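Q: Next come the chains, spelled out residue by residue.
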Amino acid sequence: MDQRIVEFIAALRAAGVRVSLAESADAFRATEVMGVLERNWFKSALRTTLIKEEPDQEVFEKLFPYYFGSGGPPLLNPTEGMSPEDADLLKDALRALLGDNERLKDLLKYIMQGLNPSQAELDEMGRRAGVPLSRQDYQQQWLARRMMRQLGMDQEFQELVRQLMERLREMGMSDEALRELAARIRANEGILQEQIENYVGQQIARQQAEQNPRQPFEGPDLMHRKFQNLSESDIQELRHQVRRLAARLRSRAALRMKKGKRGTLDAKKTIRTNLRNGGVPLELKHKIHHQKPKLVIICDVSTSVRPVAEFMLRLVYELQDQIAKARPFIFIDDITDIGAAFQQYRPEVAVEMVLAANPAGYYNTNLGYSLAHFTQDYFDAVDHRTTVIILGDGRNNYLNPRLDAVEEIKKRARKILWFNNEDPRLWGTGDSDMLEYLPYFDSVHEVSNLAQLAEAIDKLFDIYA
Amino acid sequence: MFESISQVRDALAKQQYIATDEIATVVYLADKLQKPILVEGPAGVGKTELAKAWACAVQRELIRLQCYEGLDETKALYEWEYAKQMLYTQLLRDKLSTILQDTRSLADAADRVAQEEDVFFSQRFLLPRPLLRALTCDDPSLLLIDEIDRADAEFEAFLLEVLSDFQVTVPELGTIRAKHMPLVLLTSNNTRELSEALKRRCLYLHIDYPTVQAELSIVRMRVPDLSPQLAKQAVEFVQRLRGMELKKYPSVSETLDWARALVMLNAKSIDEKVLENTLTILLKYEQDVQRAKRVLGEFKGGIGDMDDDEPRGNLPRYNPRRGR
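Heads up: the protein sequence lines correspond to chains A and B, in order. Converting from the first sequence to the working numbering requires adding 311 to each position, the first position being numbered 1. Converting from the second sequence to the working numbering requires adding 20 to each position, the first position being numbered 1.
No wet-lab data here; the hints were simulated from the structure. Treat each hint with caution, since some may be false.
[Said to hold, decoys possible] Okay, derived cross-link-like pairs now, DMTMM-like style, lysine to aspartate or glutamate, Cα gap no bigger than 20 angstroms in a straight line:
no.	chain 1	residue 1	chain 2	residue 2
1	A	Lys-580	B	Glu-101
2	B	Lys-252	B	Asp-277
3	A	Lys-354	B	Glu-42
4	A	Lys-579	B	Glu-89
5	B	Lys-313	B	Glu-265
6	B	Lys-52	A	Asp-644
7	A	Lys-354	B	Glu-101
Nothing here was measured: the structure is a model prediction, and the numbers come from that model.
Work out the full structure, taking the sequences as your base and the hints as a guide.
A: Okay, here's the thing in structure tokens:
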């Protein structure tokens with residue numbers, strides 16, 4: 312059993328669940344306490360010690376039966392509950408029908424005698440069907456069917472069963488006994504199928520674990536890969552990591568805030584601390600400076616910038632508690648206020664909705680006009696405490712960049728930043744107006760991958776920057 | 021000490037807490053392995069309640085540490101009682117002068133005072149906060165660390181130290197070891213990701229909104245005055261709300277509040293008028309109330325229609341993983 316648990320943990324790791332050494336040790340202790348007799352308790356014991364994140368439960372639920380399933384329910388013995396005469400009849404009938412039919416020998420052993428296939432037999436069957444080569448979940452059904460067919464579960468077998476029934480009736484078996492027998496044979500077919508499916512699932516999970524003993528999440532790698540080179544599944548993977556990333560950024564932001572030792576004197580705290588000095592204020596205590604940034608985010612959501620915009624919004628909203636206020640806008644050809652969506656729905660939902668409602672590719676990006684429109688209609692969002700962030704590639708389709716609008720924003724805002732997802736070497740080439748915009752911005756960050764984006768966002772919380 | 025899992029469940033049931041198999045197993049394991057439990061789940065599904073019921077079931081004192089932003093060691097662990105120390109110094113001035121009477125030099129006097137220093141830095145002047153109390157109290161206790169996700173990351177790190185060794189160091193006194201191992205339960209509303217290290221040290225339990233059956237039995241147990249039929253309607257209504265896209269879902273405790281309100285108002289059935297008056301007990305955002313009313317308005321004839329099991333049109337079902 313211990314070996315099984317070790318393999319199970321390896322499979323969990325291969326599927327991307329983080330299991331530390333300490334946790335696997337806990338799992339062993341827990342299962343010792345719990346025993347293996349009550350399956351549900353055993354399962355709970357493993358789950359509570361190994362799975363520490365709700366989304367990982369799914370993986371656990373999927374893999375558990377492969378390793379600790381009984382491999383499916385046991386086969387029924389068709390002769391059970393039969394009178395000895397009937398059992399003899401069945402044996403005779405089978406012999407008469409088949410003679411020494413080698414091909415169906417195994418299948419009949421399982422179905423007609425209710426003997427469960429041993430592990431060795433399953434391995435042999437699996438080897439013939441090519442199970443050891445498979446590492447893909449979706450091949451499970453197909454491989455199971457293939458194993459069943461190779462065992463001889465096909466039309467011919469069904470025909471054989473029909474003949475068997477007829478012969479038994481001729482030999483004088485009662486209708487009731489026949490019905491019972493037929494039911495058991497049918498049930499056994501289902502059970503055998505289930506056992507084989509479980510076997511295949513288990514083998515695939517194992518082979519995945521062996522092939523991939525390390526955690527497959529290429530976190531650091533993906534974080535440093537350019538947004539435009541990410542596949543859909545990579546992006547999905549990164550979405551899962553956003554929360555974790557946000558947690559890291561948050562604790563950094565919190566730590567920095569602690570260090571803020573300027574500002575108003577905290578009289579109460581000062582008196583309390585200095586009681587030990589007989590009331591002489593040797594140590595001054597200051598109010599912790601919670602100056603949270605106030606943001607206006609203007610995101611380009613045209614095709615090229617889309618993934619960056621999505622992660623930008625997700626990250627900022629995961630960090631809501633560190634931000635005083637955030638007003639999000641998006642643009643392609645014109646500016647749109649998307650604050651309402653964030654007020655009504657939870658951020659993850661809102662991001663998805665906004666992006667779905669504003670498909671890319673139908674319009675031409677017009678940054679200049681969007682900015683000008685912003686200064687006309689939404690300028691109340693900006694005041695002297697606001698940091699304005701423009702996220703985009705600065706490609707303006709040779710339209711008017713409207714530098715006057717940028718200048719106006721710069722005058723009013725505390726700071727104006729640009730997050731650009733393009734390589735700086737490309738700035739100013741083609742229709743990029745980046746170099747013209749450049750002088751107006753307090754700082755410009757390249758955010759071509761998630762790591763850079765996180766770093767740029769992290770800088771927002773630097774109160775002295 | 022529990023003997024079996026069913027015993028855990030019965031003991032918790034006696035405290036009016038209905039535990040699923042999962043909960044009972046984890047509590048049993050925590051008891052056996054002496055490990056903290058980390059409970060996560062949406063607000064109001066009875067995480068804190070579990071701690072209370074557990075404490076009563078094992079007859080331990082419940083020591084609660086409520087976390088918040090800015091919580092630090094002095095508020096969680098211990099603090100010197102400066103005022104009391106000052107007061108004692110004042111009162112003992114005469115005694116001090118007799119002790120110092122025959123000293124010749126200043127250095128001599130300082131040495132003499134230093135010898136008595138222990139008096140002022142002793143347990144007498146130590147104000148134990150929840151963590152220290154859980155370690156030092158004479159009877160074994162149950163420590164509830166509530167909403168750990170609200171505390172700062174540094175506090176979490178500090179907590180790790182306490183939870184792994186069950187001992188703390190007070191510089192003036194030395195190391196204080198736990199007299200008894202406290203049972204520990206941490207709760208989190210999952211508003212932020214906790215550190216991996218903390219999760220590693222705990223048994224993990226995720227409590228979700230209960231099923232109709234479970235919630236019904238909770239309502240029946242806690243609000244016995246509500247008629248069974250009305251209780252069923254009420255629970256189904258709440259479950260229905262959880263199936264909608266809302267800002268905040270009604271919690272189990274809100275279901276109970278609502279059930280009590282229904283008893284109080286002597287409601288015979290859940291009709292439009294009753295809903296109009298009481299919906300705000302369940303929903304705390306005006307937008308949610310409006311949305312619920314709009315959707316409910318589509319069901320002419322009120323709540324009666326909601327008992328059927330027809331596919332629920334365009335209403336998304338509650339999905340805890342949504343958005344992950």
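Q: Each of the hints needs a verdict: does it hold here or not?
A: Right, here's what the structure says about each hint:
no. : hint                  : verdict
1   : A/Lys-580 - B/Glu-101 : holds, 14 angstroms
2   : B/Lys-252 - B/Asp-277 : holds, 15 angstroms
3   : A/Lys-354 - B/Glu-42  : holds, 9 angstroms
4   : A/Lys-579 - B/Glu-89  : holds, 18 angstroms
5   : B/Lys-313 - B/Glu-265 : holds, 13 angstroms
6   : B/Lys-52 - A/Asp-644  : violated, 64 angstroms
7   : A/Lys-354 - B/Glu-101 : violated, 49 angstroms
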